[in-house]
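Novice: Listed below, chain by chain, are the residues.
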Amino acid sequence: MNASLVKRTLAAVAAVGALATGMGAAQAEDVKVGFVYVGPIGDHGWSYRHDIGRQAIEAELGDAASTSYVESVPEGADAERVIRQMAQTGHNLIFTTSFGYMNPTEKVAKQFPNVKFEHATGYKRADNLSTYAARFYEGRYVAGVIAGKMTKSNVVGYVGSFPIPEVVRGINSFMMGAWSVNPDVEVKVVWANTWYDPGKEGDAAKALIDQGADIMVQHTDSPAPLQVAENRGVLGFGQASDMIKFAPKAQLTAIVDNWDSYYVARAKAVADGTWESMDTWGGIDTGMVEMAPYTNMPDDVKALAEETAAKIASGEFHPFTGPIYDQAGELRVAEGEVADDGMLLGMDWYIQGIDAELPK
Amino acid sequence: MEWIVPFILTVITASTPLLLAATGELVTEKSGVLNLGVEGMMLVGAIAGFAVTASSGSATLGILAAVVAGTLMSLIFAFLTLTLMANQVATGLALTIFGVGFSALVGSGFVGFAIEPLPGLSIPGISAIPIVGPILFGQDFLVYLSIAAVIGVGWFLAKSRAGLVLKAVGDSHHSAHAIGYSVIKIRYLATMFGGAMAGLGGAYLSLSYTPMWAENMTAGRGWIALALVVFATWRPGRLVAGAYMFGLISVMQLHAQGAGIHVPSQFMSMLPYLATVIVLVIISSDRAKIRLNAPACIGQAFRAAQ
Chain A
1 MNASLVKRTL
11 AAVAAVGALA
21 TGMGAAQAED
31 VKVGFVYVGP
41 IGDHGWSYRH
51 DIGRQAIEAE
61 LGDAASTSYV
71 ESVPEGADAE
81 RVIRQMAQTG
91 HNLIFTTSFG
101 YMNPTEKVAK
111 QFPNVKFEHA
121 TGYKRADNLS
131 TYAARFYEGR
141 YVAGVIAGKM
151 TKSNVVGYVG
161 SFPIPEVVRG
171 INSFMMGAWS
181 VNPDVEVKVV
191 WANTWYDPGK
201 EGDAAKALID
211 QGADIMVQHT
221 DSPAPLQVAE
231 NRGVLGFGQA
241 SDMIKFAPKA
251 QLTAIVDNWD
261 SYYVARAKAV
271 ADGTWESMDT
281 WGGIDTGMVE
291 MAPYTNMPDD
301 VKALAEETAA
311 KIASGEFHPF
321 TGPIYDQAGE
331 LRVAEGEVAD
341 DGMLLGMDWY
351 IQGIDAELPK
Chain B
1001 MEWIVPFILT
1011 VITASTPLLL
1021 AATGELVTEK
1031 SGVLNLGVEG
1041 MMLVGAIAGF
1051 AVTASSGSAT
1061 LGILAAVVAG
1071 TLMSLIFAFL
1081 TLTLMANQVA
1091 TGLALTIFGV
1101 GFSALVGSGF
1111 VGFAIEPLPG
1121 LSIPGISAIP
1131 IVGPILFGQD
1141 FLVYLSIAAV
1151 IGVGWFLAKS
1161 RAGLVLKAVG
1171 DSHHSAHAIG
1181 YSVIKIRYLA
1191 TMFGGAMAGL
1201 GGAYLSLSYT
1211 PMWAENMTAG
1221 RGWIALALVV
1231 FATWRPGRLV
1241 AGAYMFGLIS
1251 VMQLHAQGAG
1261 IHVPSQFMSM
1271 LPYLATVIVL
1281 VIISSDRAKI
1291 RLNAPACIGQ
1301 AFRAAQ
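These protein sequence lines map, in sequence, to chains A and B. Each residue of the first sequence is one higher than the one before, counting from 1 in this note's numbering. Each residue of the second sequence is one higher than the one before, counting from 1001 in this note's numbering.
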């Protein structure tokens, strides 16, 4: 469609412009950190939270580090150019913050063995290429517990983006949380086929509420579904960042991405020469997944939510503890065992009890 | 059947921004000007409306600001294409790119602001009538305006003298010029009307549809509005049908999913565009019937001395 073409052209032009200005101010310093964002930092979601992490590096390391970023970089050939440009201009630590940057990051990492690379949500590693991601499903389990307690109609509306493992895993985890306190909860899922279209996300939320949902969950990036919940007088959860401003009466909590401590630690590691290639998948325990303040719920539900989050953080409880069956009735995780990370990362099936068909 | 009223209400909100922007573009195109900058004008209208409403607390001022902002955007386009005679397609695309970036720049300070949505009409007794009340008498101002505007434009083009002149300019600018009409002035006015309506369409998004500012929040609706004008073969009545059909399809597929009816949502999203392509094919093949409505001089620069 024309719009996407224009968007890409625009992003490419913006990327080159931002590089030109961002790099010009560069000085010789200990650690020079570059960030590549897939969206605008004003999205109030994914890219916004990564940029908060970048600011944490500046605040923590002060003069010992400098940072720069390029926003709205399309996943593809443009990304490779932007990443290479960063590597060529003296950055010694580069974070590429979207799944689609995986291959370009790997390619550039090979050409610049002395530069450290960190790729979010991917699985390709090298001596100078780390990967990192967050276990958002832990937060979704906690949200599920709250929803199970708070729903009156026993119908939860879920606005999904695309049926990829990250989203499917979230739905499964959420429902296991809900069923742990209320076996009668039913979930209705609407796929918006977009990460970001406030109007469409809002319409999806309206459709779900019209069909009886009194709790709104979303895995898309704008605050629109939560805002619809607020206007229609039902409850909901924020996504990626605390969205309480959009829904002071509706937001129960939000699953917040918090990259601050990870980014600071990695920048420090480069500064003192201890950086090593590794794979990090942090959850509530590492602070990467953070729950926004619990609001609009009675104290006992709040206490239960806090307890659940604490149990997950301490490792006492894993949301994907067996027995877990899929929709066909096949046992996927045996009783007493927990799903391994490989299964979680490739999850393309609904658990038993979800009355919906997963689009292929 | 209790879902039917909220369903219709959702369809109306999904259709209104398209109808507002497309009505303006229809008038612009009828005068022979093709402005592809609708998306950019909508975005600038959206941020202007939101910023002024959030700062002043008055939605009325916000709506006015959106109209002014959309008009100013269209004036940039008009100056480049009508006065300087730049290529309309290229200028329109540039206007969209400019609008996306400019609105994001201005709007960066307004991310995360929350405002009250536009209030709906409330007539004691009447707005409370089941079914008819909320649908016909419970909408916000811009919804009624979108309907009034399209009726007004229909009357203007079909019945008024000024409308006939506008169409004459769009169909044969040299003839219109020869009998003494100011082609450039008329095209300026038509382009400004298009900008004002696109600004209103944007304001509807940021003030009523999803009352917030988010970068690129039109998400392609300006392009859909452009497609609708072609789909409607430049006829206001069909424009209403097209805009509401588009709203209906996009909302219906979301409802179908929620109800567990499995329709490939990508297929539904594709339908309106498919319809537009089919209409384009018909226009190209059946000159006599449908081309009657298409402005013959669309996209052509006008030079008085030839």
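Take these hints with a grain of salt, some might be off.
[Stated by the list, open to error] Pulled from the structure, derived: some chain B residues nowhere near chain A, Cβ distances all over 12 Å:
# : residue
1 : A1014
2 : V1068
3 : L1205
[Unchecked claim] Chain A is faced by these chain B residues, among others (derived, beta-carbon under 8 Å):
# : residue
4 : T1083
5 : A1114
6 : G1152
7 : T1210
8 : L1254
FYI, nobody ran anything at the bench for these hints, they're computed from the structure. Ideal Cβ placement from N, Cα and C applies to all residues, glycine included.
Novice: Each hint should be assessed against the structure and marked as holding or not.
Specialist: Hints, verified against the model:
1. A cut-off of 12 Å between C-beta atoms contradicts the statement that A1014(B) is not in contact with chain A; the least separation is 6 Å.
2. No Cβ of chain A approaches the Cβ of V1068(B) within 12 Å, the least distance being about 23 Å, so the stated non-interface status holds.
3. The Cβ of L1205(B) sits about 6 Å from the closest Cβ of chain A, inside the 12 Å cut-off, so the non-interface label is violated.
4. Because the smallest distance between the Cβ of T1083(B) and any Cβ of chain A comes to about 25 Å, over 8 Å, the interface hint for this residue is violated.
5. Against a cut-off of 8 Å between C-beta atoms, the interface hint on A1114(B) holds, since the closest Cβ of chain A lies about 5 Å away.
6. Among the interface hints, the one on G1152(B) is violated; its C-beta lies about 26 Å from the nearest C-beta in chain A, farther than the 8 Å criterion.
7. Because the closest C-beta pair between T1210(B) and chain A is about 4 Å apart, less than 8 Å, the hint holds.
8. A distance limit of 8 Å between C-beta atoms decides the matter here; for L1254(B) the minimum to chain A is near 4 Å, and the interface restraint holds.
This entry does not satisfy hints 1, 3, 4, 6, going by the numbered hints stated previously.
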